[in-house]
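Undergrad: Quick mapping for you: the protein sequence lines, in order, are chains A and B. Take 1 as the starting number for the first sequence in the UniProt record's numbering and just add one per residue. Take 1 as the starting number for the second sequence in the UniProt record's numbering and just add one per residue.
One thing to keep in mind: the hints can contain errors.
Note: identical chains are not told apart, hence a pair may lie in one copy or across any two.
As the list claims (entries may be wrong) - Here are the simulated DSS-like cross-link-like pairs (lysine-lysine), alpha carbons at most 25 Å apart as the crow flies:
1) K112 - K230
2) K65 - K207
3) K112 - K89
4) K230 - K106
5) K230 - K109
6) K20 - K2
7) K207 - K112
8) K109 - K89
9) K3 - K20
10) K356 - K3
11) K207 - K259
None of these hints come from the bench; they were simulated from the model. Keep in mind that this is a model prediction, so the values were computed, not measured.
Number of protein chains: 2
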Amino acid sequence: MKKHNFSAGPCILPQEVLVKASEALINFDGLDLSLIEISHRSPNFVAVIEKARHLVLELLNLEGKGYQVLFLQGGASSQFLLSAYNLMKDQNGKAAYLNTGTWSSKAIKEAKLFGELAEVASSKDKNFNYIPKDYIIPSDVDYFHTTSNNTIYGTQMHSFPEFNGINVCDMSSDIFSRSLDFSKFDLIYAGAQKNMGPAGTTLVVVKESILGNTGRTIPSMLDYQVHIAKDSMFNTPPVFAVYTSMLTLEWLKDLGGIKAIEKINNQKAQLLYQEIDRNPLFTGVSATEDRSKMNATFTLNNESHSDLFDTIWEEAGINGLNGHRSVGGYRASMYNALTIESVEVLVNCMQELERKA
Amino acid sequence: MKKHNFSAGPCILPQEVLVKASEALINFDGLDLSLIEISHRSPNFVAVIEKARHLVLELLNLEGKGYQVLFLQGGASSQFLLSAYNLMKDQNGKAAYLNTGTWSSKAIKEAKLFGELAEVASSKDKNFNYIPKDYIIPSDVDYFHTTSNNTIYGTQMHSFPEFNGINVCDMSSDIFSRSLDFSKFDLIYAGAQKNMGPAGTTLVVVKESILGNTGRTIPSMLDYQVHIAKDSMFNTPPVFAVYTSMLTLEWLKDLGGIKAIEKINNQKAQLLYQEIDRNPLFTGVSATEDRSKMNATFTLNNESHSDLFDTIWEEAGINGLNGHRSVGGYRASMYNALTIESVEVLVNCMQELERKA
Ligand SMILES: Cc1ncc(COP(=O)(O)O)c(C=O)c1O
Ligand SMILES: Cc1ncc(COP(=O)(O)O)c(C=O)c1O
Ligand SMILES: [Mg+2]
Ligand SMILES: [Mg+2]
Ligand SMILES: [Mg+2]
Ligand SMILES: [Mg+2]
Chain A
1 MKKHNFSAGP
11 CILPQEVLVK
21 ASEALINFDG
31 LDLSLIEISH
41 RSPNFVAVIE
51 KARHLVLELL
61 NLEGKGYQVL
71 FLQGGASSQF
81 LLSAYNLMKD
91 QNGKAAYLNT
101 GTWSSKAIKE
111 AKLFGELAEV
121 ASSKDKNFNY
131 IPKDYIIPSD
141 VDYFHTTSNN
151 TIYGTQMHSF
161 PEFNGINVCD
171 MSSDIFSRSL
181 DFSKFDLIYA
191 GAQKNMGPAG
201 TTLVVVKESI
211 LGNTGRTIPS
221 MLDYQVHIAK
231 DSMFNTPPVF
241 AVYTSMLTLE
251 WLKDLGGIKA
261 IEKINNQKAQ
271 LLYQEIDRNP
281 LFTGVSATED
291 RSKMNATFTL
301 NNESHSDLFD
311 TIWEEAGING
321 LNGHRSVGGY
331 RASMYNALTI
341 ESVEVLVNCM
351 QELERKA
Chain B
1 MKKHNFSAGP
11 CILPQEVLVK
21 ASEALINFDG
31 LDLSLIEISH
41 RSPNFVAVIE
51 KARHLVLELL
61 NLEGKGYQVL
71 FLQGGASSQF
81 LLSAYNLMKD
91 QNGKAAYLNT
101 GTWSSKAIKE
111 AKLFGELAEV
121 ASSKDKNFNY
131 IPKDYIIPSD
141 VDYFHTTSNN
151 TIYGTQMHSF
161 PEFNGINVCD
171 MSSDIFSRSL
181 DFSKFDLIYA
191 GAQKNMGPAG
201 TTLVVVKESI
211 LGNTGRTIPS
221 MLDYQVHIAK
231 DSMFNTPPVF
241 AVYTSMLTLE
251 WLKDLGGIKA
261 IEKINNQKAQ
271 LLYQEIDRNP
281 LFTGVSATED
291 RSKMNATFTL
301 NNESHSDLFD
311 TIWEEAGING
321 LNGHRSVGGY
331 RASMYNALTI
341 ESVEVLVNCM
351 QELERKA
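One chain only, chain A, in its complex shape (with noise of 0.2 Å):
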């Protein structure tokens, strides 16, 4: 039965990634050799890795100014920990983060054992169901960081702060999704598993000019810099994950690249939200201004309707609809590879269930 995968990440992929991807684990290349057999420093891999790094500057706008694009392991999480190990001084060490759910929380522990940490706001007072928006960055830190969307509670920042230092975004929920002048940021990451490709690597896309300045010493798996002198191959990289990413990535440029994926997501979004809001079952979570147009999430009014809610959904061949346990109720990821068929049957199946219960 035909699948509407709504789920949170690991999430959909397009079909032909799968199926390409599929291919190359038994046959990569034409070589008789499987992707996974051969030697990542054998002439085929490396041109996929490089091909990968040159589509995330390309899709992102960003050839030419200065950026490196790293494939690690360790998913985002490590990124909470690298982020701050590359960037605080070791003398005095401070930065600013804002706090806008779980992620940000936890970049801001791993963080907090490198210096002095400013959180310059949190929504956490309302189980971060809307963004922060007046709120005053020191001037004196060593960078800046926020998380441009949120996952679990379904919001997102669709501006973010003038900072005049450097910039960090955790951008694993909606990287690739929609256009935003990344130049603005010097540190963006991502685990893969949304809109890149499977789990098992994470984008790191750094401005060269903001490493090397912290007078700390980084042990070499954790030092951007020693990933960056071997072009991500400081030892094997994940080879499948570097290679379905660049899949992906390729099918996103041959679809037209954020801005046409842009336009498909802002329709899902609209039609998702506009039934939301129109049907008196449900009820959005997070503050309208702040909807995530990656993750929304909504609740029943009536618990009651539940079970028979879920029947309908589960009937339809949808997957992946429950919500975060911190937050309850529903979570439609709508990441890149869903078409916009999901969302309309999803929002079929509230209709129905508004003529059923």
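Here the structure of chain A is known, so what remains is to put chain B with the ligands in place on it, guided by the hints.
TA: Frame of chain A; chain B with the ligands shown alone:
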């Protein structure tokens, strides 16, 4: 054309594993969803990682002995760092390392950031072509670190010194290949990409009682105890690499486990080393008593034969035979999934050279 894959890693995996992994990318567990687009917290994937964990303990004969199994990211190179971070005391930390090659040297380099290091012996004087034997391990060190198999130089520890303290071993390139009393080790780590699976996950097998005694604050992602508490799901695991490792472990178990594969590995190694010794055109690189059964390094006695030899083995469908740049010559990696037929093909090529040269 049928390939004979002697790559040093990533390397050959069992054909049936590749086929199953390829199928799971299209439809996993009959879910009508790809393995890489479902939640890592779904019952289907949780069952995979639990099974993989269990298979590791079973194959290593470590069940019920206080060991924990982790599937992490970052490669064995990250474990150079994590082993020291988790085991070296914060105050007056001291560790002993046996230096048997590039990987040991890199492990030593990372550990030096955490305390005093005693290099108990080194074979660097002879480009690591042997395993040092007579050395003293200081009794007051926090742990003693060895590298069981030296992938680059083709040496292997056929016995390990008795050390009463904590024993740490990098088994990246020979784990699951031979019977050992694994319970003599307190911490074993291995990048997956030799005998366990594809690049992208790292196996850690640790005796839980050795943890938590350093007095050091460890960042979450570097803390074995954090990962143990979350069953390797503190953050998103590398789903594909864990799944394919599970398939490979299952294949090994079905084949009869380590005892069965060891017999085959012994036959393969004997066949090749016999030819290296017999054939007047070739010489083995490493000391006879320290020869690795996983990676056989050898050279041509007459460099002028190399073009002809390269043509012969390439035409026979052999892949990945070139030696590492720091050794030169040839390296035949004979990991678990390589069949004896492939070794016979190589031996035939060596004899063909003898006839034609
Ligand atoms: C915004 C955000 N940051 C960080 C993470 C953690 O990523 P990982 O599991 O790759 O460490 C997630 C995971 O969903 C996320 O959504
Ligand atoms: C014995 C040994 N240790 C460590 C490593 C490094 O592993 P990784 O590339 O997974 O970091 C290797 C890689 O080949 C190895 O053979
Ligand atoms: Mg969040
Ligand atoms: Mg409503
Ligand atoms: Mg070595
Ligand atoms: Mg000889």
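Undergrad: Evaluate each hint against the coordinates.
TA: Each hint, compared with the structure:
1. For a Cα distance limit of 25 Å, the shortest separation of K112 from K230 across copies, 22 Å, qualifies, whereas the shortest one inside one copy, 29 Å, does not.
2. With identical chains, the CA atoms of K65 and K207 are at most 25 Å apart within one copy only, with a shortest distance of 8 Å there and 48 Å across copies.
3. In the homo-oligomer, the alpha carbons of K112 and K89 lie at most 25 Å apart both inside one protomer (12 Å) and across protomers (21 Å), since each shortest distance falls under that limit.
4. With identical chains, the CA atoms of K230 and K106 are at most 25 Å apart between copies only, with a shortest distance of 15 Å across copies and 29 Å within one.
5. Taking identical chains as interchangeable, the C-alpha atoms of K230 and K109 lie at most 25 Å apart only when they sit on different chains, with a minimum of 18 Å there against 30 Å within one chain.
6. For a Cα distance limit of 25 Å, the shortest separation of K20 from K2 qualifies both inside one copy, at 19 Å, and across copies, at 21 Å.
7. For a Cα distance limit of 25 Å, the shortest separation of K207 from K112 inside one copy, 23 Å, qualifies, whereas the shortest one across copies, 29 Å, does not.
8. For the homomeric pair K109 and K89, the shortest alpha-carbon distances inside one copy (17 Å) and between copies (23 Å) are both at most 25 Å.
9. Taking the shortest alpha-carbon separations for K3 and K20, both the intra-copy value of 19 Å and the inter-copy value of 21 Å come in at or below 25 Å.
10. Taking identical chains as interchangeable, the C-alpha atoms of K356 and K3 lie at most 25 Å apart only when both belong to the same chain, with a minimum of 23 Å there against 60 Å between chains.
11. Proximity of K207 and K259 under a CA criterion of 25 Å is satisfied intra-copy only: 23 Å inside one chain copy versus 52 Å between copies.
Every hint from the earlier list agrees with this structure, and none is contradicted.
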